[in-house]
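There are 2 protein chains.
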Amino acid sequence: MSDAQTQKVLDHIDADFDNSLQRLFALLRIKSISADPAFAGDCKAAADHLAGDIASLGFDARVRPTAGHPAVVAKSNGKGNGGGARPHVLFYGHYDVQPVDPLNLWHRPPFEPVVTDHADGRKIIVARGAEDDKGQLMTFIEACRAWKSATGSLPLDITFLIEGEEEVGSKNFAPFLAANKDELKADYALVCDTGMWDPNTPAITTSLRGLVYDEVRIKAARRDLHSGLFGGAARNPIRVLTYILGGLFDENGHITIPGFYDGVKDLPPDILAQWKKLNLTPETFLKPVGLSIPAGEKGRLLIEQVSSRPTCSINGIVGGYTGEGSKTVIPAEASAKISFRLVEGQDPAKIRKAFRDYVTARIPGDCKVEFGDHSMAPAIALPWDMKALSAAKKALTEEWGREAVLFGSGGSIPVVADFKKTLGLESLLVGFGLDDDNIHSPNEKYDLKSFHKGIRSWARILAELAALPR
Amino acid sequence: MSDAQTQKVLDHIDADFDNSLQRLFALLRIKSISADPAFAGDCKAAADHLAGDIASLGFDARVRPTAGHPAVVAKSNGKGNGGGARPHVLFYGHYDVQPVDPLNLWHRPPFEPVVTDHADGRKIIVARGAEDDKGQLMTFIEACRAWKSATGSLPLDITFLIEGEEEVGSKNFAPFLAANKDELKADYALVCDTGMWDPNTPAITTSLRGLVYDEVRIKAARRDLHSGLFGGAARNPIRVLTYILGGLFDENGHITIPGFYDGVKDLPPDILAQWKKLNLTPETFLKPVGLSIPAGEKGRLLIEQVSSRPTCSINGIVGGYTGEGSKTVIPAEASAKISFRLVEGQDPAKIRKAFRDYVTARIPGDCKVEFGDHSMAPAIALPWDMKALSAAKKALTEEWGREAVLFGSGGSIPVVADFKKTLGLESLLVGFGLDDDNIHSPNEKYDLKSFHKGIRSWARILAELAALPR
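As given, the protein sequences belong to chains Z and D, one line each in that order. If you want the numbering used here, it's the position in the first sequence, counting the first as 1, plus 128. If you want the numbering used here, it's the position in the second sequence, counting the first as 1, plus 128.
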């Protein structure tokens with residue numbers, strides 16, 4: 129690619145940006161909540177919409193059934209198996225979004241996107257999925273569109289692989305990959321589901337924490353009981369559940385499950401020194417959400433707590449009467465959703481078993497426990513010497529005028545492990561999210577600048593990747 | 129009263145029983161859920177309905193406003209201040225009912241009463257409020273109706289006092305009593321909101337546990353957070369709440385709040401010996417609800433655990449994502465509803481303060497706690513030497529053919545303390561509920577026999593009370 133060609137693409141992006149925004153809005157209006165079966169039709173609608181949009185760029189784009197919500201596969205070269213003359217990348221994103229509750233905390237309806245002003249003056253796009261992952265996904269699609277419009281062709285071969293179950297653990301996605309692995313082959317994968325270092329500094333994510341997400345349901349009496357008549361004599365599942373969960377952490381914030389930290393290594397001194405320089409402080413990281421004290425393991429840097437150390441979060445709990453007023457009830461059951469973020473060296477299956485053993489050992493007589501499995505994915509460490517990584521870093525640094533930071537993310541993208549295991553592909557993780565995007569929360573947003581410069585960043589990255597020797 | 133008159137009343141009750149049942153059904157159809165503001169109109173309708181029904185018996189019956197749901201006051205002698213020539217009793221009941229959730233566990237709509245067959249062949253009335261307290265309340269109203277119909281008059285003077293906020297802590301009822309104490313004077317109170325010893329053995333309740341019902345809400349970040357990005361660094365209110373609640377009990381089932389047991393006395397040896405003879409076993413008490421092991425303080429009889437010992441129940445808990453599937457969220461807040469049943473010697477205000485101090489001392493940095501007050505009532509011990517008690521025991525023993533048991537109930541009826549404190553009245557507690565009535569639960573029922581013989585019991589009790597010297 130010539131620099132002139134790239135410049136032409138960038139100019140097109142700027143000129144066409146209002147249309148890019150309208151195309152994002154069209155996708156944001158689709159209520160593709162994967163967790164709730166009531167929205168299965170909307171998930172299908174989002175897949176159809178994306179397949180149609182990508183087909184308009186000259187791709188052979190198909191909605192493909194899975195055992196759950198459908199995926200979208202689209203190939204630029206009609207063969208899409210990495211065997212062509214040009215570099216060939218597999219782009220991954222997801223069209224499904226998180227549930228919107230608590231709805232009363234949204235300032236506007238979550239599926240009616242708008243551009244508005246952030247308190248500090250930034251222009252932001254507000255809607256469920258504005259960032260995660262529709263906004264991010266559309267930065268790449270719009271970059272491809274600009275290449276086609278401005279130059280008539282893409283600079284390399286691309287296969288799109290867009291799933292609809294990322295927010296519910298991608299359970300049906302690994303089997304889909306395995307069943308279609310030949311046609312999904314490529315040189316490596318591009319994943320746009322991660323963040324920037326700060327609003328002005330781009331980043332490439334070089335590691336991801338793994339995820340084990342379990343549900344625990346404790347049952348006692350066969351019906352709800354009156355706490356006046358039975359209180360003191362009948363087993364209370366909420367009491368059992370709070371006792372068990374209340375003991376998961378010791379006074380130093382360590383997780384007490386036997387064997388939980390087996391295999392976890394401290395950071396190498398040189399990496400720790402680099403991370404110290406990044407100077408992630410409670411002031412910058414916690415204050416914007418109303419907090420001030422790192423709540424994780426004592427004796428660890430804040431950046432370690434959120435990226436290189438394993439954690440446990442209780443994500444939800446419910447039991448008994450939770451409505452207005454009071455009700456003197458001992459409920460028949462209580463349940464909680466609990467997730468663990470894992471790091472390199474931890475085996476998800478062993479962690480899940482250790483957790484379930486821990487719970488089961490504490491279930492008293494007259495109680496039963498049931499477990500539900502939502503996710504299980506290992507941590508990922510990407511190779512720092514990937515050529516694509518250097519190329520992307522160069523492109524990002526040119527676009528943003530600041531050197532791109534390479535760092536480990538606290539989040540989990542389970543499919544990255546599947547790409548490695550099933551397709552043999554490394555992944556390059558570039559994204560434009562910010563810590564204050566409220567993803568998974570009310571009032572999710574994406575900076576207009578993230579969307580605009582995200583498109584421009586991908587346009588530049590595609591040019592750099594196309595120029596790499598294979 | 130002559131025995132012949134009483135027999136005439138009892139015969140009338142038997143002959144008119146189908147109509148009694150239809151009148152109960154009419155009351156059960158009114159959705160008078162006091163906890164939910166959406167049903168305020170239904171509460172008013174229940175009060176109007178009862179005032180009309182009692183007025184038809186010749187009472188001066190009025191719906192009386194309170195700061196909450198209205199009360200009904202009805203006087204048989206037009207003056208109703210206990211100053212007449214005859215004995216004068218104040219009858220108390222409540223028309224409000226508990227919420228119906230979880231609705232999906234009801235076998236039929238909760239406000240469409242039916243008579244059906246229990247699994248063991250007993251005939252039962254099924255509806256919300258069938259027992260608590262509409263069914264119980266109607267046993268007394270129907271007994272009065274039978275006296276009027278069969279003999280043309282009541283055997284003594286009666287004031288009805290029926291409230292609409294018992295299920296939400298009777299907060300506005302004590303002020304109502306205080307404001308109207310002169311017109312509510314009587315010789316003593318009759319309360320029909322308690323139970324039988326077993327389906328064939330009547331009982332008089334001689335003590336009631338007190339109740340402190342609190343709500344705890346813990347808040348941390350100003351919005352929900354993504355547990356991948358913030359997990360390990362951000363304070364999680366569910367974790368704080370489960371830690372605090374999980375520590376409320378030690379390994380022997382004792383409550384760990386400092387000072388909680390101050391003033392609590394062991395039962396006198398003679399009462400303990402009597403209670404041992406009652407032989408309340410897990411087989412009879414817990415097995416019907418699917419349990420087998422008394423879960424209270426170690427070293428205490430089951431009957432002590434449920435009646436003479438103070439307890440703590442976590443009645444509800446909620447925080448984070450509780451819907452289908454999974455959501456990786458650290459919520460901004462979590463809350464729980466917690467109640468304490470108190471015994472003689474415990475001061476409700478001190479217990480509430482001790483609990484709140486206990487919680488507050490365990491709130492870490494970055495968290496706030498808010499408390500909500502739902503109920504605060506002391507335990508009650510009634511005098512065993514009341515003449516009315518012996519008279520009622522005689523009447524119950526004659527009706528049921530078994531000696532009536534005198535025992536302490538684990539439940540709480542806060543107004544009984546108010547009657548003593550504000551009106552200077554002792555209360556006689558007689559009721560026909562059974563442990564398996566599912567009060568406060570789905571599929572609440574009242575045995576048809578409880579309803580029928582409950583009416584007959586009150587008819588006899590009124591005769592015995594009328595014959596007492598003043």
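Hints in this document: simulated from the structure, not taken from any laboratory. The reader is advised that the hints may include incorrect statements.
Identical copies go unnamed one by one, so any copy, or any two together, can satisfy a pair.
Said to hold, decoys possible - Restricting the straight-line Cα-Cα distance to at most 30 Å, the calculated cross-link-like pairs of lysine-lysine (DSS-like) are:
| no. | residue 1 | residue 2 |
| --- | --- | --- |
| 1 | K309 | K404 |
| 2 | K404 | K299 |
| 3 | K481 | K415 |
| 4 | K415 | K496 |
| 5 | K347 | K548 |
| 6 | K136 | K415 |
| 7 | K496 | K577 |
| 8 | K496 | K172 |
| 9 | K426 | K496 |
| 10 | K426 | K347 |
| 11 | K393 | K172 |
| 12 | K415 | K347 |
| 13 | K577 | K251 |
| 14 | K581 | K393 |
These are the hints, each one checked on the structure:
1. For the identical chains of this complex, K309 and K404 are neighbours neither inside a copy (41 Å) nor across copies (72 Å), given an alpha-carbon limit of 30 Å.
2. Taking the shortest alpha-carbon separations for K404 and K299, neither the intra-copy value of 37 Å nor the inter-copy value of 57 Å comes in at or below 30 Å.
3. Taking CA atoms no more than 30 Å apart as the test, K481 paired with K415 passes in neither setting, with 36 Å inside one copy and 32 Å between copies.
4. In this assembly of identical chains, the alpha carbons of K415 and K496 lie at most 30 Å apart only when taken from different copies (16 Å versus 42 Å within one copy).
5. Taking the shortest alpha-carbon separations for K347 and K548, neither the intra-copy value of 40 Å nor the inter-copy value of 41 Å comes in at or below 30 Å.
6. For a Cα distance limit of 30 Å, the shortest separation of K136 from K415 qualifies neither inside one copy, at 41 Å, nor across copies, at 79 Å.
7. For the homomeric pair K496 and K577, neither the shortest alpha-carbon distance inside one copy (52 Å) nor that between copies (35 Å) is at most 30 Å.
8. For the identical chains of this complex, K496 and K172 are neighbours neither inside a copy (38 Å) nor across copies (43 Å), given an alpha-carbon limit of 30 Å.
9. When the C-alpha separation of K426 and K496 is checked against a cutoff of 30 Å, the pair qualifies only between copies, where the shortest distance is 21 Å, while the shortest distance within a copy is 35 Å.
10. With identical chains, the CA atoms of K426 and K347 are at most 30 Å apart between copies only, with a shortest distance of 22 Å across copies and 35 Å within one.
11. Taking the closest pair of Cα atoms, K393 and K172 never come within 30 Å of each other, the shortest separation being 43 Å inside a single copy and 66 Å across copies.
12. With identical chains, the CA atoms of K415 and K347 are at most 30 Å apart between copies only, with a shortest distance of 15 Å across copies and 40 Å within one.
13. With identical chains, the CA atoms of K577 and K251 are at most 30 Å apart within one copy only, with a shortest distance of 7 Å there and 71 Å across copies.
14. Taking identical chains as interchangeable, the C-alpha atoms of K581 and K393 are never at most 30 Å apart, the minima being 37 Å within one chain and 74 Å between chains.
Checked against the numbered hints given earlier, this structure breaks hints 1, 2, 3, 5, 6, 7, 8, 11, 14; the rest are met.
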